[in-house]
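Undergrad: Chains as they are written, first to last, in numbering that gives the first Met the number 0: chain A, 0 to 179; chain B, 0 to 96.
Everything labelled a hint here was simulated from the structure, so no lab data went into it. Treat the hints with care, as some may be off.
SDA-like, lysine to any residue: derived pairs with alpha carbons at most 20 Å apart [claimed, not checked]: (1) B:K58 <-> A:E142; (2) A:K175 <-> A:A156; (3) A:K172 <-> B:K58; (4) A:K24 <-> B:L31; (5) A:K24 <-> A:G126; (6) A:K172 <-> B:L31; (7) A:K24 <-> A:G128.
Only a predicted model underlies this, so the values are computations on that prediction, with no experimental measurement involved.
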Amino acid sequence: MDKTFEGLTTTSVETQEQAVELIEKLYAVAQPGAVFSEPMEFEGRTVITAAEVNVGLGVGFGFGGGSTPADEEEPKKGHRSGHAKSSDPHERVTLTGGEEGSKGASGEMEGEDSAQDFGMGGGGGGGGGASGRPIAVISVTGEGVEVEPVVDVTKIALAFFTALGSMFFMLMKMKKAAER
Amino acid sequence: MGKGDGPVSWETTPGDRVSVGEVTVTPLSQALSVRWSHGGWVWNRPVGVLVERDGATEKVPIIDVTRAAQVGLYALGVLFGVAGLAVWMRGRRNSDG
């Protein structure tokens, strides 16, 4: 049992260390290399793309353990062996045929192991997300630099229709209020 | 160029310089980083390029046209919402009073 506990603890610690290493790698996204691409030669000009990057990550761990004290359970009927209730947890009784035994000065315990039980549990979890969106293309020639924005028509159209719907809804409300 | 070494940091960092003929370009990015004990969040975006030519340095901004259009349109929608709410509340006050 000790070896199992030790093994589980070691595995848990290793997993947590790996998680911390992963979190540290997250901050590499804060560098310009994550946003700007390597320069590329294209039709006599050097092109660099620029994008916006968003990354988030979270992990959590939990571990617990416990033990039960020396045997204090009630006698079980119908069992050849079992435990008898006693006001003194250290006193042991002898049981026969599933009948409750009488308390004696000393006796033998049969059946289940009366050694301390030990339980433990642990868990962990994590989650994350990432997104990227092109912003512009930087074009470098011997004459100068041009920054051309990348326009996402879909996103603009969605924002437009959302605003339009909101305006229409409010105009109807205002019209009704005016009629009253 | 930056702010903060604590749980929240906001830094503008230059990237690798690129030279083409007589023009040297240094890209600039701005990163907002939030750290906590078991995680973090990073938002990194391009903000501009430094152009060096003939001994002079000029900063060319990178404008996120898509984001600007979205913000403008959503702001318009919110403005209409607030105006509509104000008119409705005034109407209710008049009808109550």
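Undergrad: Compare the structure with each hint and give your call.
TA: Here is what the structure says about each hint:
1. B:K58 <-> A:E142: 16 Å, holds
2. A:K175 <-> A:A156: 29 Å, violated
3. A:K172 <-> B:K58: Measuring from Cα to Cα gives roughly 48 Å; hence the hint is violated.
4. A:K24 <-> B:L31: Roughly 15 Å between the alpha carbons, so the hint for K24 (chain A) and L31 (chain B) holds.
5. A:K24 <-> A:G126: 15 Å, holds
6. A:K172 <-> B:L31: 41 Å, violated
7. A:K24 <-> A:G128: Within the cut-off at roughly 14 Å; holds.
In this structure, the hints that do not hold are numbers 2, 3 and 6, in rising order.
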